[in-house]
Amino acid sequence: MQAQLFVTPNGKGEACTHRRPCTLQTAQERVRSLAPAMKGDIAITLLDGTYRMSAPLVLDARDSGRNGHVIVWRAATEHGAVLDGALRVRRWKLVNRKMNLWSAAVPAGTQSLQMFVDGKRAVRARGYGCKSPSQCRYTPEGLTGVDARLASFRRPQELVAVISARWRDFHCPVASIAGTTVTMAEPCWHNTVVDSKNGWSYASPKGKSFQGVEWFENAYELLGTPGQFYLDGQTSRLYYVPRADEDMKSADVELPVAKSLLDMSGTLDLPVHDVRFDGIVFMHTTWSGPDTPDGYVSLQAGYLVTGKRDKLPDNGEGMMRMPTAVTVLAGSQIAFDRDVFQALGTAGIALAGGTRNSMVNGCTFSDLSGGAVFVGDTTASPVDPRGKSSGNVVKRNVIDSVAQEYRDNVGIMGGFNDGLTIDHNTVENLPYTGISVGWGWNYEGNGDTQRNIRITHNRLSNFMLALHDGGAIYTQSQSPGSVVCANYIDFSGTSHANGIYLDERSRGYTVHDNVVWNTSKLSLSKGEKNDDQNRWLSAWASWSGNLVMTHNWSDDTHTKPHNPGSTKVFGPNSLELKSLPEEAKSVIANAGADALATEAADRCAPSR
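By this note's numbering, the letter at position 44 of the sequence shown is numbered 56, and the numbering carries on one by one without gaps.
I should point out that these hints are in silico values taken from the structure, not numbers from a laboratory.
We put the CB at the ideal spot given by N, CA and C, even for glycine.
Worth double-checking, as some hints may not be accurate.
Stated by the list, open to error - Computed beta-carbon distance windows for the label pairs: (1) LYS590 x ASP281: 56 to 64 Å; (2) THR522 x ASN369: 18 to 26 Å; (3) LEU282 x LYS590: 55 to 63 Å.
To be verified - 25 Å max Cα-Cα, derived SDA-like pairs, lysine to any residue: (4) LYS323 x PRO305; (5) LYS271 x GLY131; (6) LYS590 x HIS570; (7) LYS110 x ARG166; (8) LYS132 x THR62; (9) LYS24 x ASN79; (10) LYS271 x GLN246; (11) LYS110 x GLU258; (12) LYS572 x GLY583; (13) LYS572 x LYS590; (14) LYS271 x THR35; (15) LYS407 x ARG615; (16) LYS407 x ARG350; (17) LYS132 x GLY157; (18) LYS218 x ALA478; (19) LYS271 x GLY236; (20) LYS218 x ALA190; (21) LYS51 x HIS30; (22) LYS209 x GLU153; (23) LYS105 x LYS271; (24) LYS132 x VAL352; (25) LYS218 x PRO199; (26) LYS51 x THR62; (27) LYS533 x LYS590; (28) LYS132 x ASN108; (29) LYS110 x GLU233; (30) LYS323 x SER208; (31) LYS220 x LYS132; (32) LYS261 x ARG64; (33) LYS407 x LEU608.
Hey, can you work out the whole structure from these sequences and the hints?
Below, the structure is given as structure tokens:
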């Protein structure tokens, strides 16, 4: 170790010693001066405490390790150092005894879509949903048939309509309300129904899958349910109805105000590299995008349609990724080890923009508004080939209860990657898909769009709890050398989903030694006329191929592929099982973040 620097939330001076710690920013300046002549690793030790972040810590190539050595940002005690993007709200007063409504002042200009009370997520005030077609109906300008009381609200133009359709989630602001007719903000409303030749508008407010507005949110008049809040931006006051076990005189109320906590941005010529973050907690971010005219219009898996679109590209390129608390762009040899991502109003972490040979290992992701991990991008052939992410690893992470608000997000999302390993993760309690890799449902270019994707030894349960047309593991893209192996998928908490879903142009995947169990609860989803979306494995598209699906175990009764083809090898598999053989039990024992390597040899090794 060449040098050790110490920081604290209230650091002073430039000594950066344990007795005289400095701030994060001062330590960063010291590292930049030391790095060019590195002869050993440099450690920045974050002493225990809460580091309030109104803006992210920004690192670039100047903050990189040199000469084969690493810059390590580490917590003095594991999870004792917290990078926190919230402000604490104090001095609560009871303003309506009948409602048990409390209020507190916040700084002028404060924007936030999330709030946490004693560590528990509060919910934006919501209500007055409507069913379609019995109550409300789609129009090109908005909706008809909504509850007339909405028009009497003090500021109906601040309302946001929350809608889902199949695998997509929409949060569209209201422009105005007259009687029972809503005019929605643009371009959000237009973008919800913009089409491609693939028929994306089927999964939209004007499609057959539209079932109405689940709720409107963000109005004082919607308050009343315990655990719900409203932030009045005009008066800079926060309102909240506490839950039964909450005492507003002593409660720890955190209002996220930072969009990001850590931004690591290199360039393809000057990447940020050889940096590690160990044992640090990242918590409390927010993002106001859903309240803007763009709203939140998902295409799929946390990628959004923004700006007015006349049509959607069939390959899905040009979408905006959901914001993340931690972003690494054009990074190399970056590692996040045993970190915690929790209580975020955004997604967790993104390794993108040509990031390579980097790792998210042993981390915990819980209670996030968006997904946990994004790796790669959605451009199949970047102008500079170095712009495609490669060689990254997502391993031994626990992902639980993410995508709490933006329900189309997934646990681990891999876009286009040349080499991506997703291994020994535990993924559970999600509204949509658990692990998703690839992009570009009908990519029209020639050749492979990614390669060497390895999804191995993961444990997935309680997925597809809200949306439709997804699964525990979902794939896309022409991906030679790719493997889905030795994963354990437990359907006991799921009634409509695929286990392993090789969607549309999935090509080049070998699927073997997986256990898909407890499928007896599977049933048709609303609007489905067949069971193509309720199988242990689905490879329905005629334009998929070069698939090998063999030596898997399931109790599912679907013993044949529902769209066979000359380049799809299906079987032998052990299906319709009443109990599992010992070999399958060994797969289960070796799946997930906490599994021990019980098998003498890795059945997923490339040589097998």
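Quick rundown of the hints versus the structure:
1. Distance hint check: the CB atoms of LYS590 and ASP281 are about 59 Å apart, consistent with the given range 56 to 64 Å.
2. The hinted window of 18 to 26 Å between THR522 and ASN369 holds, with their beta carbons roughly 24 Å apart.
3. Against the hinted window of 55 to 63 Å, the Cβ-Cβ separation of LEU282 and LYS590 comes to about 59 Å, which satisfies the hint.
4. A distance of roughly 18 Å separates the Cα atoms of LYS323 and PRO305; the hinted pair therefore holds under the 25 Å criterion.
5. For a cut-off of 25 Å, the pair hint linking LYS271 to GLY131 stands: about 19 Å separates their Cα positions.
6. For the suggested pair LYS590 and HIS570, the alpha carbons sit about 14 Å apart, so the restraint of at most 25 Å is met.
7. Our distance criterion of 25 Å between C-alpha atoms is met by LYS110 and ARG166, whose separation comes to about 21 Å.
8. Taken as a hint, the LYS132 and THR62 pair is honoured in the structure, with Cα atoms around 18 Å apart against an allowance of 25 Å.
9. Between LYS24 and ASN79, the direct Cα distance comes to roughly 30 Å. Violation of the 25 Å bound is thereby established for this hinted pair.
10. Among the hinted pairs, LYS271 with GLN246 is consistent with the structure: their alpha-carbon atoms are about 21 Å apart, no more than 25 Å.
11. The suggested pairing of LYS110 with GLU258 holds, with an alpha-carbon distance near 17 Å, which does not exceed 25 Å.
12. Simply put, LYS572 and GLY583 have alpha-carbon atoms about 9 Å apart, close enough for the 25 Å limit, and the pair holds.
13. A threshold of 25 Å between alpha carbons decides the hint, and for LYS572 with LYS590 the separation of about 18 Å falls inside it, so the pair holds.
14. For the proposed pair LYS271 and THR35, the alpha carbon gap of about 21 Å is at most 25 Å, so the pair holds.
15. Taking the CA atoms of LYS407 and ARG615, the gap is near 17 Å; set against the 25 Å cutoff, the hint holds.
16. For a cut-off of 25 Å, the pair hint linking LYS407 to ARG350 stands: about 11 Å separates their Cα positions.
17. Note on LYS132 and GLY157: the hinted pairing is violated, with a Cα-Cα distance of about 35 Å set against a maximum of 25 Å.
18. Taking the CA atoms of LYS218 and ALA478, the gap is near 20 Å; set against the 25 Å cutoff, the hint holds.
19. For the given pair, LYS271 sits about 28 Å from GLY236 by alpha-carbon distance, which is inconsistent with the 25 Å threshold.
20. A threshold of 25 Å between alpha carbons decides the hint, and for LYS218 with ALA190 the separation of about 21 Å falls inside it, so the pair holds.
21. Between LYS51 and HIS30 the CA atoms are separated by roughly 22 Å; this keeps the pair inside 25 Å, and the hint holds.
22. Simply put, LYS209 and GLU153 have alpha-carbon atoms about 23 Å apart, close enough for the 25 Å limit, and the pair holds.
23. Our distance criterion of 25 Å between C-alpha atoms is broken by LYS105 and LYS271, whose separation comes to about 28 Å.
24. A threshold of 25 Å between alpha carbons decides the hint, and for LYS132 with VAL352 the separation of about 16 Å falls inside it, so the pair holds.
25. Taking the CA atoms of LYS218 and PRO199, the gap is near 16 Å; set against the 25 Å cutoff, the hint holds.
26. Under the criterion of a C-alpha separation no larger than 25 Å, the hint pairing LYS51 with THR62 is inconsistent with the structure, at around 32 Å.
27. Among the hinted pairs, LYS533 with LYS590 is consistent with the structure: their alpha-carbon atoms are about 15 Å apart, no more than 25 Å.
28. Distance restraint check for LYS132 and ASN108: the Cα-Cα separation of roughly 23 Å lies within the 25 Å cut-off, and the hinted pair is therefore satisfied.
29. The suggested pairing of LYS110 with GLU233 holds, with an alpha-carbon distance near 14 Å, which does not exceed 25 Å.
30. This hinted pair checks out: LYS323 and SER208 have alpha carbons roughly 6 Å apart, not beyond 25 Å.
31. Proximity of LYS220 to LYS132 is assessed by CA-CA distance (about 36 Å); at most 25 Å being required, the pair is judged violated.
32. Note on LYS261 and ARG64: the hinted pairing holds, with a Cα-Cα distance of about 22 Å set against a maximum of 25 Å.
33. Distance restraint check for LYS407 and LEU608: the Cα-Cα separation of roughly 13 Å lies within the 25 Å cut-off, and the hinted pair is therefore satisfied.
Violated hints, in rising order: 9, 17, 19, 23, 26 and 31; the structure is consistent with all others.
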